[in-house]
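Visitor: The lines below spell out each chain.
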Amino acid sequence: MPVPIENSSPSKAQGSKRALYSFFRRLRSGDEIAHLIVLAFAALIVLITLLLVYELWTHSVLPRQRFGWNFLVTSKWDPVFEHFGALPFIYGTLITSSLSLVLALPLGVGAAIFLAELAPPRISHGLTFFVELLAAVPSVILGLLGVFLLVPLLRTEVEPFLKATLGFLPFFQGQMYGIGLLAAVVILTIMIIPFIITISREVLLAVPVEQREAALALGATRWEATWRVVVPYAKTGIYGSIFLALARALGETMAVTMVIGNDPRISASLFAPGYTIAAVIANEFTEATGNLYLQSLIELGLVLFLVTIIINALARVLILLTTRQGTAHP
Amino acid sequence: MKSRLAWRKFVNGFMLSLTGLCALVSVSVLLVVLGYLGWNGWQYLTWTFLTHLPAPVGETGGGMANAIVGSGTLLLIAALTGIPTGLLGGIYLAEFGGKTFTFLVRYTADLLNGVPSIVMGIFAYTLVVLPMHHFSAWAGGLALGVMLIPIVLRSTEDFLRAVPMPLREGSLALGASKWKAIVTIVVPASIRAIATGALLGLARVAGETAPLLFTSFNNQYWSHGLNQPTASLPVMIYVYATGPYADWHRQAWAAGFILLMLVLVANIGARLILSRRSPALRG
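Chains W and V, in that order, give the protein sequences.
Per my numbering, residue 1 is the first one in the first sequence, and the count goes up by one each step.
Per my numbering, residue 1 is the first one in the second sequence, and the count goes up by one each step.
Accuracy of the hints is not assured; some may be wrong.
[As the list claims (entries may be wrong)] Dumping the calculated BS3-like pairs for lysine-lysine here, alpha-carbon to alpha-carbon at most 30 Å:
| id | chain 1 | residue 1 | chain 2 | residue 2 |
| --- | --- | --- | --- | --- |
| 1 | V | Lys99 | W | Lys235 |
| 2 | V | Lys180 | V | Lys99 |
| 3 | W | Lys17 | V | Lys180 |
| 4 | W | Lys17 | V | Lys99 |
| 5 | V | Lys180 | W | Lys235 |
Just so you know, these hints were derived from the structure itself, not from any lab.
These numbers come from a predicted model, not from an experiment.
Build the full structure now, drawing on both the sequences and the hints.
Guide: See the structure below:
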């Protein structure tokens, strides 16, 4: 922590005079100028964020005037007759994100428990390094693998298997194309697992070591100590990692666009093609003719922005709460 | 009593191995990605691919030289706009910051970091492309630059905070003004780490596709100047992978291979440097 170096406690009587003098002295030595410069750049990031909101808001006025809240709850997306309802995209976004979260959560938290509680430091560091590399793989490259590896695999192996065993459920019925909601869910799962693992591992490591020792001393097994004591202690931070991963999944564009099939339909079956908010923006933005069409896409961007910002804000607070609680670092 | 203990021990062993399995599965996904992409990409990587323009639609052959140069251009613009802003902002947070405003800036940076990249594309579109009436390298580079700011800002702040206090006190005691102490002592002490953080940020935005789709767009030829649509590797991969021709698919693999190698080399290098921090930084 930097200590306040300048003498900033002038007494009341001569206070203002001395403060002025000291201000000029610092101005001459350059400190005040340096302060103002870096302050301006720090303020810039807040300004950029405000500008982002302003731009999105002012460039999506037309559809708000025309459709109002109906924009979010009607499901006809028809550029020719200029009717825009975003429900299929919202549905696609929510269903793929939440399902991928359901898949990634046990896998990610399990792996994080292994890395934080069990693995010897060396192995833990090595594996965490790999996980972080996985997080660094560009989305378009996962999309590439999705198109040429995952989709054929789903079409010929996984989807027929699911249909044969669980076909009585409405989620596994209909034509099997390979591309579709299921492919998007799998790709998203791969993309968000690294987030859940790295953040959960960190919050687990922030749990004081005494908590573990006390549980073990009372006769708990290693697993019981982990599951009944350490994990509940780190609960808030793990929730934080989940929200962060969710925000990530909601906004993910390229890989999903490449495998989801891009069809604005609402269907219960995971085999069916779908569409997400990010994907429709990516696909139709350059082709959008007419202001209403373009602004409808920008309004979709605004919706996406607001939702991810709120979820992110929540996640950050949760993570902040846990890592502050923790005192020891094993 | 005995059977209960045996059961608990069984659960212990079972669940613990299950967590190990979870870790194994997660890591093996990366290996599959690397292996499959390496196998396919290496196969289709040729000298022509690196040095030639894309072939006209329908013809086979050609390369992506313009996209490689284009990606470089975009990253350069991003670096020139994003890194200084993030660096100076980070210096403010670590060296000058108070309480409320510092928290606000830091929190905003984290939020900006979480904004979906496609929304950043819209931002650059409304800010640059709409007034200029055409796609340009400026717009794409700026979109990437804005994404870079929060990354560089937060890493710079963290590394500056790791610089030991006595270094600052020593230089101030010798009569240096505060900014002189920062410029000549504090920042140089952590410059390697800061540069590495910036490199990690660049590696992250280098693979971004969504913000480029409607800012720098795409180009089958060399782009003459920063005011023109510019090809980039990620957009090329997207266009070629979703295109109908087998030859395009092969080129997409080769391009993916190059992109992934660049990103991974930057990441591995940066992390190796960071794990061997300079002695001054070990508090």
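Visitor: Take the hints in turn and mark each one as holding or not.
Guide: Going through the hints against the structure:
1. For a cut-off of 30 Å, the pair hint linking Lys99 of chain V to Lys235 of chain W stands: about 28 Å separates their Cα positions.
2. The suggested pairing of Lys180 of chain V with Lys99 of chain V holds, with an alpha-carbon distance near 23 Å, which does not exceed 30 Å.
3. Taking the CA atoms of Lys17 of chain W and Lys180 of chain V, the gap is about 26 Å. The hint holds against a cut of 30 Å.
4. For the suggested pair Lys17 of chain W and Lys99 of chain V, the alpha carbons sit about 26 Å apart, so the restraint of at most 30 Å is met.
5. Between the alpha carbons of Lys180 of chain V and Lys235 of chain W the distance comes to roughly 45 Å, so the proposed pair goes past 30 Å and is violated.
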